[in-house]
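J.: Spelled out, the chains give:
2 protein chains.
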Amino acid sequence: MKENYVTSWKDNMAFETEITGHKILMDASDKFGGNDQGPRPKPLLIAALTGCTGMDVVSILKKMKVKVDSFDIKTETEITDEHPKTYTKMHLIYEFSGKDLDKSKINKAVKLSQDKYCGVSALYEKALELSYEVKIK
Amino acid sequence: MKENYVTSWKDNMAFETEITGHKILMDASDKFGGNDQGPRPKPLLIAALTGCTGMDVVSILKKMKVKVDSFDIKTETEITDEHPKTYTKMHLIYEFSGKDLDKSKINKAVKLSQDKYCGVSALYEKALELSYEVKIK
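Taken in order, these protein sequences are the chains called A and B. The first sequence begins at 1439 in the working numbering and counts up one residue at a time. The second sequence begins at 1439 in the working numbering and counts up one residue at a time.
The shape of chain A in the complex, shown without the other chains (with noise of 0.2 Å):
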């Protein structure tokens, strides 16, 4: 499948990706000459990662009628201290709330996205140390 986007430059150091109609503005801090009007690139990694294999749990989930009050992904990360300036470890903390969680269903839940249905850890993996968790409250 092929999939094509444009990112247009909209002024010193900000940048704009339409996505299906919804636009990510970026930005570079103050520090950095920018106007921080948006996020830093690099950190949208995480938003991408995050929101990829939440949304396969949510949906898993679903199926299996597991219902959850709270769920949240920590991410830690490292990034290496010289150029190019990139990730090398990443690990995720998928925490649940809820009453009488079944606690093998999140766990295969969790383990289904990794292994088989998020296409972001998959690419991530083969390039840095991605590693998770699963906490219930």
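No wet-lab data here; the hints were simulated from the structure. Keep in mind that a hint or two might mislead.
Restricting the straight-line Cα-Cα distance to at most 30 Å, the calculated cross-link-like pairs of lysine-lysine (DSS-like) are [to be verified]: (1) B:K1440 with B:K1461; (2) A:K1573 with B:K1503; (3) A:K1512 with A:K1500; (4) B:K1546 with B:K1512; (5) A:K1461 with B:K1573; (6) B:K1503 with B:K1448; (7) B:K1564 with A:K1500; (8) B:K1448 with A:K1554; (9) A:K1440 with A:K1523; (10) B:K1554 with B:K1564; (11) B:K1512 with A:K1448; (12) A:K1469 with B:K1527; (13) B:K1573 with A:K1527; (14) A:K1527 with B:K1564; (15) B:K1461 with A:K1440; (16) B:K1500 with B:K1541; (17) A:K1527 with A:K1541; (18) A:K1575 with B:K1512; (19) B:K1469 with B:K1527; (20) A:K1469 with B:K1512; (21) B:K1537 with A:K1523; (22) B:K1564 with A:K1554.
Ranges of calculated distance between the beta carbons of each label pair, as one might list FRET restraints [as the list claims (entries may be wrong)]: (23) A:S1535 with B:S1542: 55 to 63 Å; (24) A:K1523 with B:G1459: 31 to 39 Å; (25) B:N1442 with A:S1535: 13 to 21 Å.
Note that the structure is predicted; figures quoted are calculated from it, not measured. In this text, a Cβ means the ideal position worked out from N, Cα and C, and glycines have one as well.
Given the coordinates of chain A, work out where chain B should sit on it, guided by the hints.
T.: Just chain B now, with coordinates in the frame of chain A:
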């Protein structure tokens, strides 16, 4: 260097990641049970890449005293048809317009970003086929 992030499930298929004070809301399309309140997570990988290299190029061109009128980065991608659905190819087309643009300086700025500075390119190069070209109008 270490950095931590939190992504929270909002409702239905929507997730939100906070990046240095900016909230990124992601959502699935109606077809996949979402409400299209934000972009899909996976194409954020394109925003991350083009924003990262775009900011490099703008700041290098500024140091070189090269002024451009417009600067777009078009991205052509290929994605696997099977799960995990992931990018296998990305081709960037850097398009510049302006008066009497110095082609060799612009080529050098793009090459410096791709070879030395852009941490997102460095990561993707380990996981997929990444290529680019420069067009000056």
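J.: Between the alpha carbons of K1500 of chain B and K1541 of chain B, is the straight-line distance 30 Å or under?
T.: Holds: K1500 of chain B and K1541 of chain B sit about 15 Å apart, inside 30 Å.
J.: Taking 30 Å as the top limit, are the C-alpha atoms of K1503 of chain B and K1448 of chain B close enough?
T.: Violated, at about 45 Å.
J.: With 55 to 63 Å as the target window, see if S1535 of chain A and S1542 of chain B comply at their CB atoms.
T.: holds, 58 Å
J.: Starting from K1512 of chain B, check that the Cα of K1448 of chain A is at most 30 Å away, please.
T.: Holds: K1512 of chain B and K1448 of chain A sit about 15 Å apart, inside 30 Å.
J.: Has the given pair, K1461 of chain B with K1440 of chain A, been kept, meaning a C-alpha gap of at most 30 Å?
T.: holds, 29 Å
J.: Need the status of pair K1448 of chain B, K1554 of chain A: alpha-carbon distance at most 30 Å?
T.: holds, 24 Å
J.: For K1523 of chain A and G1459 of chain B, compare the CB-CB distance with the range 31 to 39 Å and indicate the outcome.
T.: violated, 20 Å
J.: Has the given pair, K1469 of chain A with K1512 of chain B, been kept, meaning a C-alpha gap of at most 30 Å?
T.: Holds. K1469 of chain A to K1512 of chain B sits at ~28 Å (cutoff 30 Å).
J.: Given the proposed pairing of K1469 of chain A with K1527 of chain B, does the C-alpha separation stay at or below 30 Å?
T.: With Cα atoms ~33 Å apart, K1469 of chain A and K1527 of chain B exceed 30 Å; violated.
J.: For the pair supplied as a hint, K1512 of chain A and K1500 of chain A, confirm whether the alpha-carbon distance does not exceed 30 Å.
T.: Measuring from Cα to Cα gives roughly 21 Å; hence the hint holds.
J.: Does K1461 of chain B lie within 30 Å of K1440 of chain B when you go C-alpha to C-alpha?
T.: This hinted pair holds, its Cα atoms lying about 20 Å apart.
J.: Within 30 Å, alpha carbon to alpha carbon, are K1573 of chain A and K1503 of chain B?
T.: violated, 52 Å
Checked against the numbered hints given earlier, the structure breaks hints 2, 6, 7, 12, 13, 18, 21, 24 and satisfies all the rest.
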